[in-house]
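Chains as they are written, first to last, in this note's numbering: chain A, -10 to 147; chain B, -10 to 147; chain C, -10 to 147.
No false leads were mixed into what you were given.
Quick list of in silico lysine to aspartate or glutamate cross-link-like pairs, EDC-like style, CA-CA up to 16 Å:
1) A/-9 x B/123
2) C/-9 x A/121
3) B/-9 x C/-2
Please keep in mind that the hints were generated in silico from the structure rather than gathered at the bench.
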Amino acid sequence: MKVPAEVREALTALMAEYGMAIDENRLEDWVELFHEACDYKVVTRENVEQGLPNILMWCDNKNMLRDRVESYRHVNLYNPHYDRHILGPLRFIEKKGAAWCFDAAYSLFQTELEGESRLFSVGRYRVEALVEGDTARLKSVTVVADTGLIPSLLATPI
Amino acid sequence: MKVPAEVREALTALMAEYGMAIDENRLEDWVELFHEACDYKVVTRENVEQGLPNILMWCDNKNMLRDRVESYRHVNLYNPHYDRHILGPLRFIEKKGAAWCFDAAYSLFQTELEGESRLFSVGRYRVEALVEGDTARLKSVTVVADTGLIPSLLATPI
Amino acid sequence: MKVPAEVREALTALMAEYGMAIDENRLEDWVELFHEACDYKVVTRENVEQGLPNILMWCDNKNMLRDRVESYRHVNLYNPHYDRHILGPLRFIEKKGAAWCFDAAYSLFQTELEGESRLFSVGRYRVEALVEGDTARLKSVTVVADTGLIPSLLATPI
Chain A
-10 MKVPAEVREA LTALMAEYGM AIDENRLEDW VELFHEACDY KVVTRENVEQ GLPNILMWCD
50 NKNMLRDRVE SYRHVNLYNP HYDRHILGPL RFIEKKGAAW CFDAAYSLFQ TELEGESRLF
110 SVGRYRVEAL VEGDTARLKS VTVVADTGLI PSLLATPI
Chain B
-10 MKVPAEVREA LTALMAEYGM AIDENRLEDW VELFHEACDY KVVTRENVEQ GLPNILMWCD
50 NKNMLRDRVE SYRHVNLYNP HYDRHILGPL RFIEKKGAAW CFDAAYSLFQ TELEGESRLF
110 SVGRYRVEAL VEGDTARLKS VTVVADTGLI PSLLATPI
Chain C
-10 MKVPAEVREA LTALMAEYGM AIDENRLEDW VELFHEACDY KVVTRENVEQ GLPNILMWCD
50 NKNMLRDRVE SYRHVNLYNP HYDRHILGPL RFIEKKGAAW CFDAAYSLFQ TELEGESRLF
110 SVGRYRVEAL VEGDTARLKS VTVVADTGLI PSLLATPI
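Take the sequences, apply the hints, and build the full model.
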């Protein structure tokens, strides 16, 4: 699929910042990457493939994302681990109206405060995003996690 | 090495689809990424560095890839795991005739149906590919696996 | 942040070669990626966030990098493991004078000679680099490792 170079760059930068904002515990910045009318979901691959409705996390507008982050800030007095996202290259799929649709594989590692790192989850982001001038915003992010053992009360977003 | 932007994009997209096609169990689509006269090999790094001829998998034309995928479809009644490839950036090396030569590091994770993910293999793709207009095709892929413990009867390609 | 396409490409290629040079044990090539007046540091994230001065490795000019690699060549008769870096996309932050500042997440795996691969470290590169014509050089690299259990006598660079 043909994608203008500046769109490709803006969306690659958007996803790089997506991972880095979570990893640096800048969750408020992460929320600001989303469009006001947005959708963020975490599902397991097994559920997607079996058509089951099991959704680990679902926020269907930006205020829900804000609430989620705010409650996280109040419940957790300190961050018990570091996250680290490694994203693969973006694969562009189609354009739906004004939105660019792409996916990208991710691996997510967590490091305990004692310093040991381990694999936490692998999977795929399915994304719809808008690019207006220099500004790119996420309209829809579905995290399809291969790993099925993720606690449903996810502390931080994936 | 100077590589035209549209070639770089086409080959990045090709490798993104390479990983995603395997990970989504679209192995027939994966075969279609190859040129009719192609070569696909899986070797271990130890063997490469010691000049040993041990090759874990070798298909030296596209029909062999087709056969391999077809027999996989008949032997396995279901897919006992999910694959997930995370690829690093492409490193362009040279142009050999019409073919662009590059490599890229990969990490490959597998997730059991019970939901646990683990590291399966890391290594490097050495690739020769052709770009004609909008179409990019793989002429030669050598998977050089750092991990040496891969069973020689690989169920799915790497 | 707006970054010219050729700068983006040159720096992506530089980082791809950074990882590949270490992984292929071409440490002398790795040193040549640096500017003569350079700075290379490995620190842990915990130390950065607590403002502690603990630095696992520090070379503040290119000759120190050369010495480090040379002594490594003499001390170690053989390489007891293979490294494999998987880098995420570059995230551009700012331009400081002539230097482009960006960061990138990394995962680093090690494979024992017996063939088993395991996660060694995850973290982030903070980089300042110069691009002059076709040549890109590293001015400053700080490896901020999430993983805190890295021995301070690092055998090879990260």
